[in-house]
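Colleague: If you read the protein sequences in the order shown, they are chains A and B. Count the first sequence with the numbering used here and you get residues 9 to 297, in order. Count the second sequence with the numbering used here and you get residues 329 to 1060, in order.
Simulated from the structure, these hints should not be mistaken for laboratory data. Idealized CB from N, CA, C, for every residue including glycine. Wrong hints could be hidden among the right ones.
Examples of chain A residues lying across from chain B (beta carbon under 7 Å, computed) [what the hints assert, rightly or not]:
| # | residue |
| --- | --- |
| 1 | H32 |
| 2 | V91 |
| 3 | A92 |
| 4 | P164 |
| 5 | T166 |
| 6 | Q177 |
| 7 | L213 |
| 8 | P228 |
| 9 | R291 |
For lysine to aspartate or glutamate, the following DMTMM-like pairs were computed, each having C-alpha atoms within a straight-line distance of at most 25 Å [said to hold, decoys possible]:
| # | chain 1 | residue 1 | chain 2 | residue 2 |
| --- | --- | --- | --- | --- |
| 10 | B | K1039 | B | E1059 |
| 11 | B | K960 | A | E279 |
| 12 | A | K69 | B | E465 |
Now the stretches of chain A that chain B is said to cover, found in silico as 3 or more residues with beta-carbon under 8 Å [what the hints assert, rightly or not]:
| # | stretch |
| --- | --- |
| 13 | 97–103 |
| 14 | 182–193 |
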Amino acid sequence: MSVNNLLENWAQFRHFHPVDDKPHDPYKWAMSIDLDACTGCNACSVACYAENNLPVVGKEKYQHGHVMHWIRIERYWDESLGVAGGGDFPEQGAQFLPMMCQQCEAAPCETVCPAAATNHTADGLNSQIYNRCVGSRYCSANCPFKVRYFNWYDYPTTDNVWPAEMNQQLNPDVTVRSKGVMEKCTFCVQRLHAAKGTAKNEGRLVHDGDVQTACQQACPTSAITFGNLVDPESKVHKQWQSQQVELDKDAQVKDQKEGGSGLRGYRIFEELRPYPSVMYLERVRESAV
Amino acid sequence: MIDSGLDRRDFLKVLGWGGAAAALSGCGNTSIEDGKETVVSYVEAADYAIPGIGVYYNSTCAQCDAGCSINGRVREGRVLKLEGNPASAINRGKTCGLGQAGVQHHYNPDRVREPMLRKGDKFETITWDKAYALIAEKLNGAKGEEVAFLSGGVSGHLKVLLGNYLASIGCKNHYVYEALAPAVARAANKKAYGIEMPRFNINKAKVVLSFGADFLGSWVSPVHFSQQYAQFRKGVDGQRGVLIQVESKMTLTGANADRWVPVRPGTEGILALGIINELGMASGDIAAAVKGYDRIRVSKETGVPPGQIDKIAALLKLRSPSLVLAGSAAEGYAHGSQNAAAINLLNHVLGNVGKTIEASSSVTFTQMAPAKGNTAALKSLNDGLAAGKYKVLFSYAANPVFTAPGALKFKDNLAKADFKVSFAHYLDETALQADLVLPLDSALEDWNTQVPEYMAEGAQINIQQPLMEKLHANTRGMGDILLALVKQRRAEEYKSFDDYYAYLRAAMLQNKGALGGGGADDDTFWNDTLTKGIVKLAGSSGALSGKASVVGLTLPAPSAADAQYPLHLIPGVTASLRDGRHANQPWLQESPDPLTTIVWDSWVEIHPKKAAELGIKEGDILEVTSRSGSIKAQAYLFPGIHPDAISVPLGRGHDALGRYAKGYGANPFQILDAVFDQETGELAMHETRVKVSKTGQCVIVVKDEGSAGGKQMGRKIAVSMSTDEVDLSKEV
């Protein structure tokens, strides 16, 4: 395959899921996040530290950009704030956005991994194989969402990360990562495995509500919905459907209708065609005040 | 019971059901023998040890007073994670970040592990027997009035036992101090509605107008209010609730408002009266009282444009019911009670009382009702200490050396007490001043009952139970310590209780009829109670009785400019660090402040315009000086603050409390002036005036925010639309 051929027929070679012969069946994990409900309180992020053995890196390493928060709250101000013609005060509040791995169906991180350490699972997760990772960090460089975190240090042996007693809190279901590997949000894959195992023992599929991610479970406003996108009974399926957001499209009804569609669902950087598995619902602000 | 020579009334007092005899079940089944049984160790290791399988136990979160029920995941005998208990009406399965970090309180490497006695500048380890003997000895040398007990908010059987202990030593000086308690709100609510803590139905309101009540972050019961807020946003019949937040410094709640209204500090009450005037719905006294507050005057005094006042009034008129909240930012002034009264008046005028503000249920057992903390208690303790009144001082769950305003010189006055006993989890600033430090079990190792101040639905008693074996052999539960101490004086009455667990079990069983266990045998009832972690009660629902009244309502003119100290200092209360008692939980230190995204340090919020005027840029180390002292912290240019004010967050700036807290940031409590609310005597936290100066040093601010400073640069990451573009009623 020449480079020319690759470039000219990119759409053909670009691999994304579900492919026609292997549709997502019976699971496709997906999420929707209501930004009108999200208050930016950070409970999700702390819950993720607790569930997924995330190291606390401390002030100095944080300054160097080594923080490991798999889910972070991004805080934005209105574009017009503080510029000429705009206001001096954020009169519509701030805008918060929980950002974690979007579990892209055509993940930009996957194609650049020289060791195939990050790949796609049959149930639609972008997985990271720690013991295959060689630490090239290409994946992180290629991630448009910047949600991959690299272990610059061996945190289990670093002072005051998990000193005696603190280490007893570590979740035995989740690997403690060592120096030199990349890590990121897994949609709490350990919980998914447990739920699938239980369902299998009972001879059924995982029902909606059987499994929650740690961030979803903590969220005080229930802004996060998680579930199986191919289960017509799941809330996440119904939300995606009512917002007319389709997993394998790079433009949605919302963007195409002239004069607004009344829909709130969108995916971040859809135009880059990573086909994310996370749909956000736009924040709403009252027009009358 | 008869053998011990106790009569029934005394016995009720011992077990905490005093003051509520009517609610007690018949006396036939009060069985003292239960307390005599051999108590099996309550953390059966075998129970936990199912390799690879997590088991879940219900308990109660102790990170703040809201009383959220938690569900702890335990594997191989270790507690790993806390989730919310869906059966609780307060948090319905949800938790906040502060609650999640509860495991780091338990596993904290800097916990105190042994009883310690001061020897000169150092502590040396002693045994519990010696510690108890020493307390007895010191108490024998002091009269009841020479003893004081300082505690944070306490409730349930711990409060009962504490009360009984204090009675046994003849001490009437129980000071309940919480640095950030909504004490002015309680007094103002009592006046306006007849109840200190009514139920606020945010979910039933179409408009919420909040004057500095950070109900999503740190006010009263944030997890509960967050759920109500989510319903409020979905709206009634698809009409989304509108949130307007009036405050001088943006809180988390302000950051979620449809309209955030920056107001000149201290003029919140004037704006409230201006809105009443603009509404034109009041009559009689009220109309007369607000007549002078026309929109032009109000606008001039508050800095809120007249058009904004019009819009707020119009919206409130159009959409009913609404809900108006008065929070700590409006109440933190010498005229704080007046501000709150003016704001609460709005609810009466708008007809919200009885609709979005309802009578709350309370537990009928008054002995167990929460002892509510305030700062007036701190002041009177401080006065007593300064006068040398106390020979023995106990302190529990409060850290006044860190949280008392600098102007009170609390640390110096504390030294005047001869013998100070601190019941402590960590060596915090107050414990370091103690003569005797007694190590406590963590909240995940201890037994207790807890009664929340804010009841969501009906009344409830929460059960706190150990989620695992004790980590350290020589720590004790606070209940066990109090039981041992009360036995020094009243051995006979308490002899049947080997430990606090036996006491608690006997107490609950004695009254099981009233606790919903009528008919069940003791073991069934007890196991059921522990399994659920919550005892739901019918409770008594008081009626709202307050009337709209303007009697005594006088608002001072906006404060004049202070040439020497030109800026208002607003102590920032963050959802995760609050008054700083949890600053040693690293998840909270590394959890970015939602608004500034700063971690591991303190900062000075200053409006960009003010900063430009003073030549200040981000990262400049500023010296913030008040009449009472000065602190240094990095500057952060923050648009969500009134230009006449700066804000420094509370909670950091420890010089003790362990490796994750010590040496990070600055403590603004230190520079607070001793100004008090004229009506309640509560500390007026927002009255301190300061000046800022550059020190010449500059640092890189460690934060999550990128170099674009919170702008999306047109990338449409977080997107927003207006209500007229969407119909929420059609959504899933």
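Colleague: All hints are to be evaluated individually against the structure, with a verdict given for each.
Modeller: Results of checking the hints against the structure:
1. H32: violated (20 Å)
2. V91: violated (9 Å)
3. A92: violated (13 Å)
4. P164: Violated. Min distance 15 Å.
5. T166: violated (12 Å)
6. Q177: holds (5 Å)
7. L213: This interface hint is violated because 21 Å lies over the 7 Å limit.
8. P228: holds (4 Å)
9. R291: This interface hint holds because 4 Å falls under the 7 Å limit.
10. B/K1039 with B/E1059: violated (29 Å)
11. B/K960 with A/E279: violated (46 Å)
12. A/K69 with B/E465: Cα-Cα ~51 Å, so violated.
13. 97–103: As far as the stretch 97–103 of chain A goes, the hint holds, because 7 residues have Cβ atoms under 8 Å from chain B.
14. 182–193: Check failed, 0 qualifying residues.
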